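*Asks:* Can you build the whole structure from these sequences, using the hints too?
Number of protein chains: 2
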Amino acid sequence: MPARSSDGGSAPEAPLPDKAEDLGRWYDEVLERAELIDVRYGVKGFVVYRPNAMRIVKRVYSMFERELEARGHSPMLLPLVIPMANFRRETEHVKGFEDQVFYITEAGGKPLNEKLIVRPTSETAIYPMMALWIHSYKDLPLKLYQSVAVYRYETKATRPLLRGREFLWIETHDAFEDERGALAQIKEDLEVARRVYESLGLAFLVVEREPYDKFPGAESSYAYDALLPNGTVLQIATTHYLGEHFTRAFEVTFVDREGNRRRPHTTCFGIGISRTLAALIMTHGDRYGLVLPFGLSVHDVVIVPIVQGGSAEGVLSKARRLEEELGAAGFNVHLDDSEDTPGDKFYRWEMLGVPVRLEVGRREVEGGYVTLFRRDTRERERVADADLARRVGELAREILDNLRRRAWDRLAESVADARTREDVVRLAREGRIIRANFCGEEECARAIKEETGYEVRGRRIDVDERPTGNCAWCGRPAKRVVYMAKAY
Amino acid sequence: MPARSSDGGSAPEAPLPDKAEDLGRWYDEVLERAELIDVRYGVKGFVVYRPNAMRIVKRVYSMFERELEARGHSPMLLPLVIPMANFRRETEHVKGFEDQVFYITEAGGKPLNEKLIVRPTSETAIYPMMALWIHSYKDLPLKLYQSVAVYRYETKATRPLLRGREFLWIETHDAFEDERGALAQIKEDLEVARRVYESLGLAFLVVEREPYDKFPGAESSYAYDALLPNGTVLQIATTHYLGEHFTRAFEVTFVDREGNRRRPHTTCFGIGISRTLAALIMTHGDRYGLVLPFGLSVHDVVIVPIVQGGSAEGVLSKARRLEEELGAAGFNVHLDDSEDTPGDKFYRWEMLGVPVRLEVGRREVEGGYVTLFRRDTRERERVADADLARRVGELAREILDNLRRRAWDRLAESVADARTREDVVRLAREGRIIRANFCGEEECARAIKEETGYEVRGRRIDVDERPTGNCAWCGRPAKRVVYMAKAY
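Going down the list, the sequences are from chains C and U. Count the first sequence with my numbering and you get residues 814 to 1301, in order. Count the second sequence with my numbering and you get residues 814 to 1301, in order.
Please keep in mind that the hints were generated in silico from the structure rather than gathered at the bench. It is possible that part of the hints are untrue.
Said to hold, decoys possible - Pairs of lysine to any residue residues, derived as SDA-like cross-links and limited to a Cα-Cα distance of at most 20 angstroms, are as follows:
id : chain 1 : residue 1 : chain 2 : residue 2
1  : U       : Lys857    : C       : Asp831
2  : U       : Lys923    : C       : Lys871
3  : C       : Lys951    : U       : Lys928
4  : C       : Lys871    : U       : Lys969
5  : U       : Lys923    : C       : Asn926
6  : C       : Lys923    : U       : Lys969
7  : U       : Lys871    : C       : Met876
8  : C       : Lys923    : U       : Lys871
9  : U       : Lys928    : C       : Lys871
10 : U       : Lys951    : C       : Tyr1101
11 : U       : Lys969    : C       : Glu1152
Since the structure is predicted, the reported quantities are computational estimates derived from the model, not experimental observations.
*Replies:* So this is what it looks like as C-alpha cells:
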C-alpha cells in the first residue's frame, strides 16, 4: 500500500543520519531526539537516564531478574562502599581494578580514617559476608544477585551507555560445593543471557575469552559479544568461573558431606544493562528512531485518529472502541488524541519505537477496517476490524522474529574466514568479523591488535569448531578457532 | 481450637525477646534470625540487605512506583555524583546538608580536579537538567521520580534501616506553572503515601512540620510519622513545597501561556523505603518473628505436610492438590516438603511472617478439612477442603484489616492531651504521644526538647484541629494544635 498522502502528513523533522554511514552521529542524535539519555550533566562519564530510557531499563532488568529468580537466585543488596582492606585481599583482582576505582576520602568536612572504594564490582564486598554465611554444604549452593550501578574510572573516551564511569548492571555471586556445580552454573548463566537476548532480538557470539583476557581473579571467563551495525562487537554479559581464588583470599570454608572442611567454588555473572540498552538501540534502530519489539517501548500500539472536516465523532468513537478492545486483549495500547497533527504523532511514536501504529480516519470508519503501520518494516496494511486483535497478536511475534532474523543475518554475513595474515589484514580493513585458527599466544593477539586494531575475542562455545591448520597470524600450530573483531 | 500437640511440635528455638519490654533487642534479633539485614559488613552505617529483606524492599518499591506512575510520574535516573559547584548553588540547602555529605576526591590513584559529592538527595543534580528541559508551559508539569540509595554521613548512632549512612528511598522532583499546581501535588503525594501505608497496615500521623523544621530550601514540609511500638515516631515520608527557591538558584524559567517568562514552582517527595521496612517490621512483628500482610512475605500461604507412620502418600497428595488449587486461585503458595521437622518448618515460616500456614496430616485427610494457622493472631481453625480458597481469600483482607486496626488502636491509645507544662512532662515520661496547644516558637520547641526529649512534630493536616487555649508549655497565645513525640 502506498504511503499515506494528504491526511497523514510526513514527519515534521528531518530523519536521523544514516546509521550505515555514520553510526556515531546516528547514535548521538537518537539518544537526544528520542529523549533517552542526556549527556549534558557536566561530569565526564556520567549521564542522566530520561524516562524513555529508564522505562526500557526497568523492563530489561525485570526480564533478567525473572530468569535469575526462576533458577534459584535471590535478590540482595550490598553497600556501595568497600573498605580498602577488603579490596586488597585478592591480589589479581586488585591489580585488575585499582587504576579504575573512585575513592571516598572525606565526609562531613573531615578526612575518613579509612578510604572507601566505590564499588567497581562487588566480589570484595560479598566474600567477607560469604565467610559469615557459609558453614556447611547445607548452605550451598548460595545464589545471589543485585541490580545496581557500578563505578569505574574509565580513562578512555566515554560514550553514553557503551562506556561510562557509572553503568547499570546485574551481578550474581554464587557459591557451590565443587567445580562441577560451578561449571553447571556457568552454563545456566549463559542460558539466562541467551533467553533474554533472544527475546530482545539481539545477535551475539558466545565465546570463552582467551586465558590472558580473563576477569581479574577468574579461572575462565565467558562472554556475550553483541554485533553492532558498524561491525564492531560489544561485550554485553560475562560470566566467570572463579575456582577457589576468592574463597581462598577471603577464607570462606564449609564442612562437606563427609565432614571435611573445604572451600566453595564460586562464579560471578555480570549483565550489562546499560550496554544491553545500547545494543538494543543500535541493532534495531533506523533513520526514524528506535525500533523495538513488543513489551519494551512506552506502548505496544498507538492509535492515531485522523480527523478532517466534520467526521471527528465517528473517527474518535472508532478509535476509542479499538483502544478498549486491544486493552481488553492485554495489549499496552494508547490513543493519541492530543492536538498535534497526525504527522507530529507519527514522528513521535516512530522515534520511540512503538511497534504498531493504527491510523483511523474517515475511510477506515466507512470501510470497516484499520490502517496498520508496523514500525520494523514501515509498511502499511489494511486489517478488517474483526481481525485486528488477532493481527496485533501475530505481529508481536512477527516483529520480534523479523528483528532477530535481520540481526542474525547481518552477523552471518559479517563473519569471514581468514587463513593467512594477509586475510586477517584485508578482512579487518573491510570491517568483517574474522574466524581464524589461532595459536593461543598473548603476544600473537597483541600483534594482531597493533597491526589491525582487532581483538581476539575467544572461541565460540555454542558450536564445536576445531582448528584445521596453523595460526592464521603466526603460522605456528593452532590451538583453537577464534573470532576476531573490533571491540567497542 | 487448642494448639497442635504431638504431630505439630513446637518451635525449635526460643521465642524472640518481648517487643514491649525491649524493642531494641527484639529488633536486632529479628533482623538476624529472619535473615533480613546483616550488620557485620564492617563500615559504620552500611548494612547488607539479605534476600528476605530485599524481596520486601522490591515489593514496597513497586507499590509506590505503581501509585506514582498512575498519577503521571515517570522514572528517571540521575548520576550518583554531584559536582561541588552545583551543590553550592542553593544556600539554605547546602547549609542543611554540607556537614552530612561524603566526598569523592580521588580516582585511579590521582586527585580529581573537582571534588564530587555523593548524593545525599538529588535537587542539586536535577535542577541544572530542569533548566535544560523546561522552556514553555507545555513542558509542565514535569513529574519525575527515581528509586535509589542516598548517602548521608550521620554522626548520631546508626541503626539498621532506621538511621544509616546509606538508605533506600524514592525521590520525586516535580515542576509546575504555579503555586496552585505545586500545592495540589503535595496533596497527591500525601495521598500516594496514605494508600501504600494503609495497604501495609501502618499507623501514622500526617503533619505539617513547624517552619523552623522544614527541609533545607523548602517553603513548607509535610511528613508521615509512623508510630513505633515503643511510643516513638519515625518519619517515613516527607513532601516539600519548594516554591521558587530552587528554580531561582538554578535559573529554571519557562514562557507561560501569556508569553511571559516565569519560574516554575516545584516540589519534591522523599519516600523512605528502608524506614518503611523498619516500620513494617516493628509495627506488626511479635515474639515469633515478622508478621506481614499478603503480598509481602516470600509466600502468602505455606503448606506443611505432617507425616506419621504409613500415611505419607495420602498426606502428600492432598498437600499437592491444595498447592495446585491455591496456586490456580492466584495465591503465592509453597508446599514445604523438605526433610525438616514440622516444628522447624513452623518456626521458619512464622519467623518470615508468612500470613497463612496450612497443616495437613492424617486427621485432615480423613476428615476432609485443613488446619489453617493465621500468623497475625496465631490461631488455628478448621476449614473444609471445599471452602479453602474462599477462606484464604477472606484472610488476605482480614489479616490486613486486623494488623491495621491494631496499629491504629495503639496510636489512638497513645495520644494524650496536655494543657500545662506539667502535663507535657508527665505524659512524656509515660511515653505517650502528646497533643497540645502550641505558640509556634522555635525556642519553646527547643526548651521542650531539652527538658523532655520530645520534639514538636507539627500540626495534623488530615483533620482540622484548632487551638482552644494558650501554649501548653509557655502559656503564650497558641497558634495551632501540634503533636509532640520522641522521634527516632
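*Asks:* Could you run down the list of hints and mark each one as holding or not?
*Replies:* Here's how the hints hold up against the structure:
At most 20 angstroms may separate the alpha-carbon atoms for a hinted pair to count; lysine 857 of chain U and aspartate 831 of chain C exceed this at roughly 53 angstroms. Restraint check for lysine 923 of chain U and lysine 871 of chain C: the C-alpha separation of about 35 angstroms exceeds 20 angstroms, so the hint is violated. The suggested pairing of lysine 951 of chain C with lysine 928 of chain U is violated, with an alpha-carbon distance near 47 angstroms, which exceeds 20 angstroms. Between lysine 871 of chain C and lysine 969 of chain U, the direct Cα distance comes to roughly 35 angstroms. Violation of the 20 angstroms bound is thereby established for this hinted pair.
Between lysine 923 of chain U and asparagine 926 of chain C the alpha-carbon distance is near 18 angstroms, which keeps this suggested pair within the 20 angstroms criterion. At roughly 16 angstroms between alpha-carbon atoms, lysine 923 of chain C and lysine 969 of chain U fall within 20 angstroms of each other, so this suggested pair holds. Taking the CA atoms of lysine 871 of chain U and methionine 876 of chain C, the gap is about 15 angstroms. The hint holds against a cut of 20 angstroms. For the proposed pair lysine 923 of chain C and lysine 871 of chain U, the alpha carbon gap of about 35 angstroms is over 20 angstroms, so the pair is violated.
Restraint check for lysine 928 of chain U and lysine 871 of chain C: not satisfied, since their Cα atoms lie roughly 31 angstroms apart, outside the 20 angstroms limit. For the hint linking lysine 951 of chain U to tyrosine 1101 of chain C, the alpha-carbon distance of about 24 angstroms lies beyond 20 angstroms, and the restraint is violated. For the suggested pair lysine 969 of chain U and glutamate 1152 of chain C, the alpha carbons sit about 55 angstroms apart, so the restraint of at most 20 angstroms is broken.
Violated hints, listed in ascending order, are 1, 2, 3, 4, 8, 9, 10, 11; each of the other numbered hints is respected by the structure.
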